[in-house]
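Novice: Here's the letter readout for the chains.
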Amino acid sequence: MPAVTASPEDGSAALERLIDSEALRLYRIALAIVDDRGDAEDVVQETMLSAWRHWCSLRNHPNQKAWLTRVCVNHSIHRRRALGRRVLWSSEQWLAASSGPVNTDGRLLDLHRAYQSLSARQRAMVALHLQDGFTVEECARFLGCRSGTARSHLGRAVAKLRKEFIHA
Amino acid sequence: MPDPRDPEDDEVIGLTRVYLTRRRGQPPPPHLEDDALRFALSPQRSKRSRGVLGGAILVVTTVAVAVAVVAVHGIRPAAVPGSTVQITRTPGLLALPPLEVTITDTQEVADLSSDIQSLPQGHELYSCPISWGTSYSLTFSSTGTPSWTAIIPVWGCGLVTLSNGPERSALNATTLWSDLGNALGLVTDQVEPYGCGAQPPPSASGTCYPTVAISPSAG
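Chains as they are written, first to last, in the working numbering: chain E, 1 to 168; chain H, 169 to 387.
What the hints contain is simulated information worked out from the structure, not anything from laboratory work.
Hints are not guaranteed to be accurate.
Stretch-level coverage of chain H by chain E, calculated; a stretch enters the list once three of its residues show a Cβ under 8 Å from a Cβ in chain E [said to hold, decoys possible]:
| id | segment |
| --- | --- |
| 1 | 178-191 |
| 2 | 199-206 |
| 3 | 280-287 |
Cβ coordinates follow ideal geometry from the N, Cα and C atoms, glycine included.
One chain only, chain E, in its complex shape (with noise of 0.2 Å):
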């Protein structure tokens, strides 16, 4: 497999313009994921840290689009894992930052602490379907597992919400 002999220098206004496209998409997949606006930011300078390490490749890939989101996924799964159980983001914070108006009636409050119950993998699949609109076959892609793992995520994901959503 012979290497490409360019420069990762060449593309730094590429790079830019990627950035300029992506980050604030990266960014909303990752925070919803991570749960804590630092590390999604962290998150998300360590996935375009990993596009220009492997740039050579990536400057013509058919899909960077992709290419970027698995990154992404996998940052941020791992970033979550390190974390732990820890709540980042309480009810009140939540609510403080939302923009908007605060809902009277509780129940996004209570699916926001049904939301800490989910594992990393499980707030990928629901971030990644349920707000982005992939495919779970592009899901499984991204996750790096089969389409059966992956629909096994989101199921037991909104099994855990509707769980803790009516014991709440």
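Given chain E's structure and the hints, the job is docking chain H onto it.
Specialist: Then chain H, alone, in the frame of chain E:
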């Protein structure tokens, strides 16, 4: 496993979407793009340095534990050729048929084991062929000896991950790919598949595979 599209879950799914939409509406960090670019291009990354230092400590600790285990139990850390090898292919972004094969031919298993163990030690590269995330997982098993696994990426930087040793490089490992192709009954284009549209194509031969499309609703 409950079906996520079961009607009784519709309320939870709908509310989850509202919840996630509310989260999306929160303003991102003010200098997200600038900070990401600076971090990627900067030669001095404090967080990365700490990570590397932590990684070095982890490696030293792991080696020390391995040496202690070998000293106590007299186990050779090098892999023993197994009597079977289970091979699974992860398609990555390529539209490839599923592949999961168990090889029981002793000679083929020994050849593959030897090919992998004789690969040179890998190191990080900046300039690599394009990668579609496709990889092979080879799990060697034999009665009475611990099993071990090698994950071999197709194209990309070719860094092979071993369950029982340091990373190795599969760049230019023609013997390994030849033996793997023979074991699987695949020709070169099939054992080292690449996506259509790559410029330049990583292989001189003509066959390529379509890549998986991403939903337009994404992002």
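Novice: Any hints from earlier that this structure breaks? Give me their numbers in increasing order, please.
Specialist: 3
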